[in-house]
Amino acid sequence: MPATDTRPRAARVVAIRPCEDASGAASDEGGFILRLRPEGDPAWIASLEPGRFFMVRRQDGASPAIPRPFSLYRVAGDCLEFMVQSLGAGTQALAACREDTPLLLTGPAGSGWPEFSVGSEPWVFLAGGIGSAPFLMALERALPPHAAASPRAPGPWLIYGAASAARLYERRAFADTGAPVLCATDDGSHGFHGNVLELLALEQEAGRIPARVRLAACGPQPMLRAVAALAEKEQLPCWLSLETYMGCGVGICNGCAVPTRPGGALGDWPWAKCCVDGPVFDSTAIVV
Amino acid sequence: MSRLVTKLPPLTLSNPIMSASGTFGHGLEMGAIVPPERLGALVSKTVTLEPRPGNPMPRVWETEAGFLNSIGLENRGLEAYMEDVLPTVAAAARAGTAIVTNIGGHTPQEFVQLAQALGERPEIAALEVNLSCPNVQGGKLPFATDPAAARDILAALANVTDKPLWAKLSPNVARIDEMALAVEEGGAAAITACNTLLGMAVDWRTRRPRLALVRGGYSGLGVRPVALRCAYDCARAVSIPVIGCGGISSAEHVLEFIVAGCTAVQVGSASFSDPGLLGRLAAEVEDLLEREDCPDLAELCGSLTEGAPCA
Ligand SMILES: Cc1cc2nc3c(=O)[nH]c(=O)nc-3n(C[C@H](O)[C@H](O)[C@H](O)COP(=O)(O)OP(=O)(O)OC[C@H]3O[C@@H](n4cnc5c(N)ncnc54)[C@H](O)[C@@H]3O)c2cc1C
Ligand SMILES: Cc1cc2nc3c(=O)[nH]c(=O)nc-3n(C[C@H](O)[C@H](O)[C@H](O)COP(=O)(O)O)c2cc1C
Ligand code: FES
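Order-wise, the sequence lines are chains A and B. So that you can map any letter, position 195 of the first sequence is 195 in my numbering, and since no number is skipped, the others follow by simple counting. So that you can map any letter, position 120 of the second sequence is 1120 in my numbering, and since no number is skipped, the others follow by simple counting.
Just chain B, same shape as in the assembly:
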């Protein structure tokens, strides 16, 4: 798969396909269905300092073109992650798949404590900083909408760990390029664009919301144009690599994001529709490149030519 080799300095991945945080457990759960070595990187669910029970049910609802969730970052906290999860993912790491731990916090101090503890662990290749989970703090997006706050968090983290930091941005902002610039300035090694859009669904007959907490994160096929635009805006604004995420479910979609400027991609909700997808996707991308007589991914990256669409 040499034409899929993906550089996210200082890391080199075997291919550009990753699981998106919160949509693949901690990564190894799916081992019998998706051999972890087929992925360039496994991204964990968001790990928080303390255990978080998450939100009440119902937490998921499917709409015509996408998927709403309000999981509320349910996870057993940092200590359990380090004791129970990391030792098991080490095997995957040895098989050549990068382990990326996604972290989330309410305060800059929480982020720093997480990075200090996880920074010590050799299994982890990078930390993805979830600036944008919309399901906590009553739908407020604390660090995701304020460029200065986001920059300061990245800078504080860069101060305490040598691990590459990937800043995961929210699409729920007017100018995502400003957020991208801010996290680059703070010291991010890459940007993940993007997290879910805020959305909701109701049952008008019963006058009830479909999700217990009313609002949720919207993902899946319907968000792809928005995510693609976010990734494009980020890629044009910064010089660090951008990892596209949102609505990707096929090799065609992967290459759309690559051409728009992404170096790699993450796949989330599509694993719910088709749990085996992540095990096939890298090979499908390679086949597609081969069939279309395309150059390496690195050459396709950002090759979008502006101007009138071709006939």
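Chain A extracted, bound-state conformation:
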């Protein structure tokens, strides 16, 4: 069943620009930021939770018929922003949007990240490539309020990995939240030369990140699989945001099935629906 606040809405593109690379220059790797304004009363926008997603499609006939899912990247006044990697027909059509291109936007869909303030262990967010999108608002939400400099647990940390410096999209925006952002690249062109889990291990060995943390991760499936394995081995609480294919985004097509773990929280049925039971799952409830 879709969340009670999921709605289809008309929207218009306000602005579109290439993502910044690690140095702040425009990246030419196909990542872009799409800013759009939903039509109608914007009251619902202020209460949007990080980690939820929207199905997006162009309404001028230039998109495939089926909308594509994208995590909410940022809220800017009465506008929403998405960070998108151009891949196939759906994302290429969005990349070709102009100011005022009409869109159909269905959401907010799915569950968001868990409530960050509950519990005491610090958070480590692990982002792989475009999987960083749902973490900007998460960082803002999970940071301790500036006013009350309480001796609460440190964190959150964002460990942000990508193929190269050119794909460390919007690194500066993440750093601007005030959270520590540690970068890793596969080719060593920026930050640590290696992957996010290697970097996490290094930081933990050096005592800069505690051993007992809670993990939240979004990125390519092999990365999520490795994160889930680490969480299981170390018995760390862990949430994963999955990117499955989606036919509808609202729970009516059964196209987004995620295998559940027998005996886990969703184990009464072999599949969960990524679009309504997720996209964020407790890693002990599913098989990645």
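The hints are simulated quantities; they were obtained by calculation from the structure and are not laboratory data. Quantities reported herein were computed from a predicted structural model and do not represent experimental measurements. It is possible that part of the hints are untrue.
Quick list of simulated restraints, FRET-style, between CB atoms [said to hold, decoys possible]: (1) 1302/B - 225/A: 55 to 61 Å; (2) 1295/B - 28/A: 57 to 63 Å; (3) 1229/B - 49/A: 44 to 50 Å; (4) 47/A - 1009/B: 32 to 38 Å.
Reference excerpt, derived from the structure (chain B facing chain A, CB under 10 Å, subset only) [unchecked claim]: (5) 1022; (6) 1058; (7) 1271.
All residues carry an ideal CB built from backbone N, CA and C; glycine is no exception.
Mind docking chain B with the ligands on chain A? Use the hints.
Below, chain B with the ligands alone, put in the same frame as chain A:
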């Protein structure tokens, strides 16, 4: 909406718009987006006797003009449907929307057991008999291609339940009119034409199929001409009502099917492109009839005049 009133004897629906099986959950999931009372009927996903986990992922793939799926009838089975789903849909039924339960089985006995159990339930207005799901039994179409087998199933069901039986046919046959005649003879109250076409898609670069089980059901805009022809062939062959289904996504499309001989229509994949569509469609059909100064739907039904196309 009196001009939309739709007669599917013994039922009278407020309008001719229905959700297509498997594309709208069990119907109420979408309540916040599509108020159920806007629909003439809500058709459930296929319910099977035993729970069915369904097929491996990936299960869906979009092509240039349509949508491939291989869900494999994932559902929690008859018992869960009767306990968990039916009580909740009763509210919609009270609001005037007919609840239609779509059933599927591997054997005639399974169909009969389903009809016996569901036939007892007052919430259900009709049973839609899925003779044609191509995603089970390795793409074989057990009852969908054999007129005698289909007729026998309908006859067996008519024997055990008083509920109106709608036979949902497959387009993957050479002569759908023969199938239509067979299910009419077996006792069907209506025909749904049609289910998905068998199709597939591949990624030649990786040498991989797009769907885990290779073949899937093809639906959406691209199948509309085929579905329209199937519905037309059925309507010309039988005297029971035909419910058109396949690629319908606008009021214009609805009226195409009505003119070709359908009494009502079902909308499937279009809800994926536009989840709010089913909540607007009946009103859009009514507006269109009004704007074009058209008679009631019943008068438009089957009004297609053969001969040279008009200039
Ligand atoms: C909840 C959720 C949130 C998402 N958030 C974002 C986001 O914030 N930014 C973003 O850029 N993307 C995000 N995605 C992924 C995005 O939806 C897909 O990249 C997009 O649907 C691809 O559509 P397309 O038509 O461009 O590509 P297609 O033509 O569908 O595919 C192009 C190529 O990419 C591969 N591919 C497509 N989709 C996926 C997938 N989901 N997993 C693995 N491979 C795939 C295909 O196999 C194909 O080779 C998210 C997905 C989900 C489920
Ligand atoms: C994802 C999906 C699941 C479906 N599941 C069922 C099903 O369980 N039972 C059934 O009779 N038809 C099922 N169908 C077929 C539809 O009910 C419909 O006949 C077909 O999709 C053609 O209509 P459309 O082009 O409007 O989608 C399914 C179709 C899709 C796309
Ligand atoms: S995408 Fe359709 S059920 Fe999840």
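Hint check results:
1. 1302/B - 225/A: 55 to 61 Å: Hint holds: Cβ distance 57 Å, inside 55 to 61 Å.
2. 1295/B - 28/A: 57 to 63 Å: holds (60 Å)
3. 1229/B - 49/A: 44 to 50 Å: holds (48 Å)
4. 47/A - 1009/B: 32 to 38 Å: The hinted range 32 to 38 Å is violated for residue 47/A and residue 1009/B, with Cβ atoms some 49 Å apart.
5. 1022: holds (8 Å)
6. 1058: Nearest chain A Cβ about 5 Å off; hint holds.
7. 1271: Since the shortest Cβ distance to chain A is 6 Å, the answer is holds.
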